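Chain residues, written in single-letter form:
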Amino acid sequence: MRKQLVHPEEMELAGWADGNEAASGQMGAHVRRCAQCRSAIADYHWLQGELGTTLAAVAGAVPLPRPKWWAVQGQLLAGRQQAARWRVSAVSGLVLTMCLMLALSPVWGSAAAAQTLLPQVRVARVPVTAPASGPVPASISGTHPAWSTTPTPPVSSETVTPLPTPALALPPTPESNA
Amino acid sequence: MTDVETITRAAHGDEAAQRVLYEAYHAAAFRLAYLLLQDAEDAEEVVQDAFVYVFRNLHRYDAARGPFWAWLRVALVSRCRNKRRRRQLLLVPLEVLDAGEQAPAHPAAASDPAGTAELRGAQRAVWEALQQVSPGAREALVLRFYEGLSYAEIAATLDCSPDAARARVAHGKVQLRRLLVVPEEERAYEGEAVRTARAG
Numbered sequence: 001m002r003k004q005l006v007h008p009e010e011m012e013l014a015g016w017a018d019g020n021e022a023a024s025g026q027m028g029a030h031v032r033r034c035a036q037c038r039s040a041i042a043d044y045h046w047l048q049g050e051l052g053t054t055l056a057a058v059a060g061a062v063p064l065p066r067p068k069w070w071a072v073q074g075q076l077l078a079g080r081q082q083a084a085r086w087r088v089s090a091v092s093g094l095v096l097t098m099c100l101m102l103a104l105s106p107v108w109g110s111a112a113a114a115q116t117l118l119p120q121v122r123v124a125r126v127p128v129t130a131p132a133s134g135p136v137p138a139s140i141s142g143t144h145p146a147w148s149t150t151p152t153p154p155v156s157s158e159t160v161t162p163l164p165t166p167a168l169a170l171p172p173t174p175e176s177n178a
Numbered sequence: 001m002t003d004v005e006t007i008t009r010a011a012h013g014d015e016a017a018q019r020v021l022y023e024a025y026h027a028a029a030f031r032l033a034y035l036l037l038q039d040a041e042d043a044e045e046v047v048q049d050a051f052v053y054v055f056r057n058l059h060r061y062d063a064a065r066g067p068f069w070a071w072l073r074v075a076l077v078s079r080c081r082n083k084r085r086r087r088q089l090l091l092v093p094l095e096v097l098d099a100g101e102q103a104p105a106h107p108a109a110a111s112d113p114a115g116t117a118e119l120r121g122a123q124r125a126v127w128e129a130l131q132q133v134s135p136g137a138r139e140a141l142v143l144r145f146y147e148g149l150s151y152a153e154i155a156a157t158l159d160c161s162p163d164a165a166r167a168r169v170a171h172g173k174v175q176l177r178r179l180l181v182v183p184e185e186e187r188a189y190e191g192e193a194v195r196t197a198r199a200g
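Those sequence lines, one after another, are chains A and B. Note that the numbering used here has the first sequence beginning at 1, numbered continuously upward. Note that the numbering used here has the second sequence beginning at 1, numbered continuously upward.
Hints in this document: simulated from the structure, not taken from any laboratory. Treat each hint with caution, since some may be false.
[Stated by the list, open to error] Pairwise CB distance ranges, derived in the manner of DEER restraints:
#  : chain 1 : residue 1 : chain 2 : residue 2 : range
1  : A       : S39       : B       : R86       : 25 to 33 Å
2  : A       : L64       : B       : A164      : 39 to 47 Å
3  : B       : T8        : A       : Q26       : 23 to 31 Å
4  : B       : A63       : A       : G19       : 14 to 22 Å
5  : B       : T8        : A       : H45       : 41 to 49 Å
6  : B       : A122      : A       : G79       : 42 to 50 Å
7  : A       : G74       : B       : A122      : 41 to 49 Å
8  : A       : H45       : B       : D163      : 18 to 26 Å
9  : A       : R33       : B       : E23       : 52 to 60 Å
10 : B       : Y61       : A       : R38       : 43 to 51 Å
11 : B       : E41       : A       : Q73       : 18 to 26 Å
12 : B       : V4        : A       : E9        : 25 to 33 Å
13 : A       : S39       : B       : W69       : 34 to 42 Å
[Unchecked claim] Listed below are several chain A residues computed to face chain B (Cβ distance under 8 Å; list not exhaustive):
#  : residue
14 : M11
15 : C37
16 : I41
17 : E50
Computed from a predicted model, the values in this text were never measured in an experiment. Even glycine gets a Cβ: it sits at the ideal position worked out from N, Cα and C.
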C-alpha cells in the first residue's frame with residue numbers, strides 16, 4: 001500500500017521559512033521528499049523578502065509631515081493645567097467637607113451651644129427691703145440681654161430691721177392608746 | 001548631549017530636551033504608524049498622542065530595560081491599535097455588527113496613494129494584500145519584517161507570549177501567500193490532499 005504523504009500545516013511551513021524548526025526532524029525528512037512543501041517554503045522565503053523591501057519602500061516614500069512640536073507642547077501644558085485644577089478642586093472639596101463635618105459634629109455643636117450660654121448680665125432682683133431711695137425700676141426679670149440691663153439701685157447704708165419670721169404650724173400630736 | 005542626558009532632562013520637564021527627543025524620533029514614529037494604519041492623517045494623530053503620553057510618563061522610563069525607541073514603540077503600537085478599533089467602529093454599519101460579520105477593511109487605507117505611488121508591481125501587490133491581512137497579523141508582520149524585531153521583542157511590544165507572536169507572524173504570511181501566490185484551484189486541491197492524508 002502506497003503511503004500517503006502527510007503534509008505539515010501551512011503555519012508550520014510558514015514558521016519553517018522563518019527559522020522555526022520545532023519539529024525539524026520529522027518535518028525536515030518530509031520536506032526533503034515533498035516537492036509541494038518545498039515549493040510552499042520557497043514561496044514563504046520569497047514573501048518574506050518582498051515584505052521587507054515593500055515595507056521599507058512604502059515607509060521611505062510616504063511624505064513626512066513637519067514635526068508639530070507646538071501641538072505636543074500645547075497638549076502637555078493643557079494636561080498640567082488640568083491636573084492643577086483637579087488638585088485645587090480636590091483640596092477645596094476636602095476643606096469644605098471637613099468644615100461641614102465639624103459644624104455638624106457633637107463637639108462643635110456643644111461648643112456652639114456653650115457659646116450661646118456665655119455669661120449674660122443678670123440683673124439682681126430688687127431687695128425685699130424697701131429701697132433706701134429712688135423708685136423701684138419697673139422692668140426686672142431673671143435674665144436680661146446685656147444691652148437691656150437696668151442699673152442696680154444702690155443698697156442703703158442704713159441698718160434695716162428684718163421682718164419677723166412667721167411661726168411654723170405643726171400638726172397635732174396623735175393621742176396614744178397604749 | 002547624549003540620549004540619556006536628554007531623556008533625564010526631559011523627564012524633569014525641560015521643554016528644550018523634550019523637543020530634541022520629539023524631533024529626533026518623529027520621523028521613525030510616523031513611518032511605523034503609517035505602516036500600521038495605512039493612513040497619513042491617522043498616523044500623525046497617533047504619533048502626537050504617543051509623544052504626549054511618553055513625555056507625561058517619562059519618569060517611568062528605565063534605560064536599563066531597553067532603549068527609548070523600544071519604549072516609544074510600545075506606546076505607538078498600542079495607540080495605533082486603539083485608533084484602528086475606533087475607526088472600525090465608526091465605519092461598520094449596525095446591521096453588520098448585529099449579524100456578527102467581519103468588519104470591512106478601512107476604505108481610506110485601500111485608496112491612500114501616499115505610500116504606493118513609487119512602488120513597482122510586486123511591491124504594490126504585496127502592499128495591497130497586506131491591507132487585507134487581519135490587523136493582529138499585520139502588526140506582527142510589520143514589527144518582524146520592517147522593524148526587524150525578534151519574536152521576544154515582538155511579544156514585549158504586543159504584550160503577548162513569544163509563541164503567540166510567532167503564530168501571528170506565521171498566520172500573516174499564510175494569509176499573504178493565499179492572496180498573492182496560491183491560485184484558487186490549487187488552494188482547493190491542497191486542502192483536499194491534506195484531508196485525504198489525515199483520513200488515511
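Hints, verified against the model:
no. : hint                       : verdict
1   : A/S39 x B/R86: 25 to 33 Å  : violated, 41 Å
2   : A/L64 x B/A164: 39 to 47 Å : violated, 33 Å
3   : B/T8 x A/Q26: 23 to 31 Å   : violated, 53 Å
4   : B/A63 x A/G19: 14 to 22 Å  : violated, 30 Å
5   : B/T8 x A/H45: 41 to 49 Å   : holds, 44 Å
6   : B/A122 x A/G79: 42 to 50 Å : holds, 46 Å
7   : A/G74 x B/A122: 41 to 49 Å : holds, 43 Å
8   : A/H45 x B/D163: 18 to 26 Å : holds, 22 Å
9   : A/R33 x B/E23: 52 to 60 Å  : holds, 56 Å
10  : B/Y61 x A/R38: 43 to 51 Å  : holds, 47 Å
11  : B/E41 x A/Q73: 18 to 26 Å  : holds, 20 Å
12  : B/V4 x A/E9: 25 to 33 Å    : violated, 46 Å
13  : A/S39 x B/W69: 34 to 42 Å  : holds, 38 Å
14  : M11                        : holds, 5 Å
15  : C37                        : violated, 10 Å
16  : I41                        : violated, 11 Å
17  : E50                        : holds, 5 Å
The earlier numbered hints that this structure contradicts are 1, 2, 3, 4, 12, 15, 16.
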